[in-house]
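**Q** Since the structure of chain H is already known, use the hints to place chain W on it.
These protein sequence lines map, in sequence, to chains H and W. Quick note: the first sequence uses my numbering, first residue 21, plus one each step. Quick note: the second sequence uses my numbering, first residue 21, plus one each step.
The reader is advised that the hints may include incorrect statements.
Which copy is meant is left open, because identical chains are indistinguishable; a pair holds if it fits in one copy or across any two.
[Claimed, not checked] Result set (DSSO-like, lysine-lysine): computed pairs, CA atoms no more than 27 Å apart in a straight line:
#: 1; residue 1: Lys-61; residue 2: Lys-502
#: 2; residue 1: Lys-482; residue 2: Lys-266
#: 3; residue 1: Lys-131; residue 2: Lys-158
#: 4; residue 1: Lys-56; residue 2: Lys-266
#: 5; residue 1: Lys-114; residue 2: Lys-449
#: 6; residue 1: Lys-123; residue 2: Lys-401
#: 7; residue 1: Lys-243; residue 2: Lys-308
#: 8; residue 1: Lys-178; residue 2: Lys-392
#: 9; residue 1: Lys-472; residue 2: Lys-433
#: 10; residue 1: Lys-473; residue 2: Lys-442
#: 11; residue 1: Lys-93; residue 2: Lys-61
#: 12; residue 1: Lys-432; residue 2: Lys-56
#: 13; residue 1: Lys-107; residue 2: Lys-266
#: 14; residue 1: Lys-76; residue 2: Lys-158
#: 15; residue 1: Lys-266; residue 2: Lys-114
#: 16; residue 1: Lys-425; residue 2: Lys-45
By construction, these hints were calculated from the structure, which means they are not laboratory data.
Okay, here's what each chain looks like letter by letter:
2 protein chains.
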Amino acid sequence: MRLKIKRLSWFAGRPVVILSPNTSKLLNVHVNEKVKISVNKKSFYAVVDVFSDITKDNEIGFSYEVMSFFNLKKNSFVEVVPADSTKAGKIINKKINGEKLSKEELKEIIKEISNNNLTEAEIAFFISAEKIHGMSLKEIFYLTKSMIETGRRLKFKKDIIADKHCIGGIAGNRTTPIVISICASAGLTLPKTSSRAITSAAGTADTIETIARVDFTREEILKIVERVGACLVWNGALNLSPSDDKIIHIERMLNLDVEPQLIASIMSKKISAGSNHILIDIPYKGGKFPSIEKAKELGKKFLWIAKKFGVKLRTVYTDGRQPIGNGIGPILEMMDILKVLKGDGPEDLKEKAIYLSSELMDLAGIKNAKEKAREILESGKAFEKFKEIINAQNGKNDFEKRIKKLKFARYKKEIFAQREGKIKEIDNKKINLLCRILGAPETKSAGVYLYKKIGFVDKGEKVITLYSESEKKLEEGIKYFKEFEPIVFRQV
Amino acid sequence: MRLKIKRLSWFAGRPVVILSPNTSKLLNVHVNEKVKISVNKKSFYAVVDVFSDITKDNEIGFSYEVMSFFNLKKNSFVEVVPADSTKAGKIINKKINGEKLSKEELKEIIKEISNNNLTEAEIAFFISAEKIHGMSLKEIFYLTKSMIETGRRLKFKKDIIADKHCIGGIAGNRTTPIVISICASAGLTLPKTSSRAITSAAGTADTIETIARVDFTREEILKIVERVGACLVWNGALNLSPSDDKIIHIERMLNLDVEPQLIASIMSKKISAGSNHILIDIPYKGGKFPSIEKAKELGKKFLWIAKKFGVKLRTVYTDGRQPIGNGIGPILEMMDILKVLKGDGPEDLKEKAIYLSSELMDLAGIKNAKEKAREILESGKAFEKFKEIINAQNGKNDFEKRIKKLKFARYKKEIFAQREGKIKEIDNKKINLLCRILGAPETKSAGVYLYKKIGFVDKGEKVITLYSESEKKLEEGIKYFKEFEPIVFRQV
Chain H
21 MRLKIKRLSW
31 FAGRPVVILS
41 PNTSKLLNVH
51 VNEKVKISVN
61 KKSFYAVVDV
71 FSDITKDNEI
81 GFSYEVMSFF
91 NLKKNSFVEV
101 VPADSTKAGK
111 IINKKINGEK
121 LSKEELKEII
131 KEISNNNLTE
141 AEIAFFISAE
151 KIHGMSLKEI
161 FYLTKSMIET
171 GRRLKFKKDI
181 IADKHCIGGI
191 AGNRTTPIVI
201 SICASAGLTL
211 PKTSSRAITS
221 AAGTADTIET
231 IARVDFTREE
241 ILKIVERVGA
251 CLVWNGALNL
261 SPSDDKIIHI
271 ERMLNLDVEP
281 QLIASIMSKK
291 ISAGSNHILI
301 DIPYKGGKFP
311 SIEKAKELGK
321 KFLWIAKKFG
331 VKLRTVYTDG
341 RQPIGNGIGP
351 ILEMMDILKV
361 LKGDGPEDLK
371 EKAIYLSSEL
381 MDLAGIKNAK
391 EKAREILESG
401 KAFEKFKEII
411 NAQNGKNDFE
421 KRIKKLKFAR
431 YKKEIFAQRE
441 GKIKEIDNKK
451 INLLCRILGA
461 PETKSAGVYL
471 YKKIGFVDKG
481 EKVITLYSES
491 EKKLEEGIKY
501 FKEFEPIVFR
511 QV
Chain W
21 MRLKIKRLSW
31 FAGRPVVILS
41 PNTSKLLNVH
51 VNEKVKISVN
61 KKSFYAVVDV
71 FSDITKDNEI
81 GFSYEVMSFF
91 NLKKNSFVEV
101 VPADSTKAGK
111 IINKKINGEK
121 LSKEELKEII
131 KEISNNNLTE
141 AEIAFFISAE
151 KIHGMSLKEI
161 FYLTKSMIET
171 GRRLKFKKDI
181 IADKHCIGGI
191 AGNRTTPIVI
201 SICASAGLTL
211 PKTSSRAITS
221 AAGTADTIET
231 IARVDFTREE
241 ILKIVERVGA
251 CLVWNGALNL
261 SPSDDKIIHI
271 ERMLNLDVEP
281 QLIASIMSKK
291 ISAGSNHILI
301 DIPYKGGKFP
311 SIEKAKELGK
321 KFLWIAKKFG
331 VKLRTVYTDG
341 RQPIGNGIGP
351 ILEMMDILKV
361 LKGDGPEDLK
371 EKAIYLSSEL
381 MDLAGIKNAK
391 EKAREILESG
401 KAFEKFKEII
411 NAQNGKNDFE
421 KRIKKLKFAR
431 YKKEIFAQRE
441 GKIKEIDNKK
451 INLLCRILGA
461 PETKSAGVYL
471 YKKIGFVDKG
481 EKVITLYSES
491 EKKLEEGIKY
501 FKEFEPIVFR
511 QV
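Pulled out of the complex, with its shape left as it was, chain H reads as follows (with noise of 0.2 Å):
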């Protein structure tokens, strides 16, 4: 159909073509599905949207986008067909037939999902056919690799450039920040990109976000991590790997965990950080696994991947049956590691820290890295080294102006044991999930503070503090407290 070019006056975020309701009942295209637009001999893709008085029955409107990418004039005239089931669409359908992909095959997938070319709902079905299939090593390495050069790499002068992971579950469990602060203090070069909050109460960037700029472009970063050695941004806005971006968010909308895809993404997004020595930590019991035998096998594809790509990879399996640090929530975490960083804070996060250091250090080569490790912290040295990331992202040397900025929320709940007993558990899932009613990470001041973890208490020991912005949200959170019992009591 020949339908004329109407240029909108708005940005989508994503090319996107927008019909009218006639025009697309006779072109028999649904929102949400693609159309193939023809144009100078040129062809492209683009997903339909349909309103009605945006566009008239002859016209095609195109997001500022689509305009700009193709180069197209206002009022030409372009040739449009509903789209035939692409290549992509072919290899996806195989997937779900559970045969497996080539690297060419994985490659075209990729390099779709980055184009915008293939709908949320075509890699949706990718995603499911990649759980429950599985992929062979060989898939998850051509689609880490795939991930990899679709997307910009970040490069570094020096030959050492080191990373850690966690592969999460854990509220509270904020080690990041001191062990990047402790490694580069010993020297090594660590660009650390992390995310936000997907279902836990803060994400590192959310934390640091508390007391720091932390989102940058490549080049910024590359400059910040040449003057101090270390970085802790955000690593949404860098197109590192442009492909995980888009799986991650349609993963979410069923909290969906794929370890083909998991080990991918993390790998992917290392590597094009320039990352060439990386530690994983796989905390089992509590975490996504439940023993540490299932948390090896997943490492040890780790350890292939990383082999593969030639980069040097450690794997930790760590215990994850409760929180790690006292506070839960993007300042109450803040506060917690600046604790642990002035020689002071949770002992289980402090020890967690420097157990991550010394291992990460020993992966790159330094003696002693146990020892190191502890004296760096402990003389405040790392706190130092924090204080210079910190003023190097926002550009100024107000570190104590900022971090004295850091309140409590305005109401809080103090819980205490009605009786002597014993703490059993506590569910991290629960936890994070009290900690977002209670308006965490979108109020950086919302989250709870652990007084006690898993042993015995004592009749009237103060158990959990639960803190909030709102009135009723705190009344949302003490009922859930009540209800679902992320922490499990009892009596002796």
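**A** Leaving out everything else, chain W in the frame of chain H:
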């Protein structure tokens, strides 16, 4: 987040809300994800679209559907948060993990799809899990039942309501208008609703549309069927099974055949349309099934489900190795139908129509069905009934005028046998694709006319004519024909 309602001046055809890029970032929701909107102690879900310059950062744009559905006032405030994983999301996760779903769980999924509460990616996750893990007969039954219960039903005064369905995949094969005319002439009531083409050259609705209106309301259909005993209308606007229309829209993105969904889709639409005597035609070899055994496996499932609903159902298995009839494409098929009804026309189409009619009549308790079906067709009674139906749908007696307007396309290419030989096979899929390249079904006159079927051909005999309204498309069709050989020819 508290946002002010901005009423948008356009319809989106579905509940959608518009956020600014900044607001979507703050809420951490992306395009096509859902938000939960709370106002006046009620809350509902809506899918997000993100555009700049449509809403300010403190506003949320509501499509007309959202405004009217929830009875909202412009400039009032709503509370907006990212939607949690819903109940339906958890059920989809279960199916992905290979578990069986209960009656209540399937009902929840179908209800949420009908109410637009699931994103297309979530529906895709459900469908692919269904495709890969399959469904038990019980699951298919409850799926069908839920689909019927969420839609609206047609109710007729007659006791016996009959229908037929072909599982498809065979090019041409337009028996429906003939079968309906024969059976209605024999006294049966047949509220026949059909789809448009998805991947084929024409659907029954596309073909009937060459001479009649096909889009009607439920009330109009009841009147037409009451008057003339049958109809031949499009099922798209009837809301008989609203979830099914959405599921089909997702399936066609990958041209996916999902067997449980196929059974549920057909059975729910038939039962919603009031049918209680149903004939299912399952072609094997060349259709969707490689062998009659595979076709019968599906047939058995239909019989089981029908029994559970207390409706009479019969399956027939027909040879699908080549197209049925000579013309393929909306007008070309209509010309075949008219010829058969007038006592002439392609023998295979005529005999198949008589066979299917007699089976359906026999199922409905009509004695000597085989002889009667033939007599009705050959005596011209079926043709008279067909005229009645078409005139009823058009609201005037201009049948003759309309069929005179049926014309071949402007450009054609006749292809002759280069030498003596044998046609081994005529590939239905390739023939359909060839017709689509020529412009069908959008261009009603486009398509092909097959002069020869499987069997011997003399040198110089005409084999096929390609029709198109565009010289360019005709050229592309010729190129496709030569390159992909939809007609497999062997020299003898």
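**Q** Any hints from earlier that this structure breaks? Give me their numbers in increasing order, please.
**A** Violated hints (numbers, rising): 2, 6, 7, 14; every other hint is consistent with the structure.
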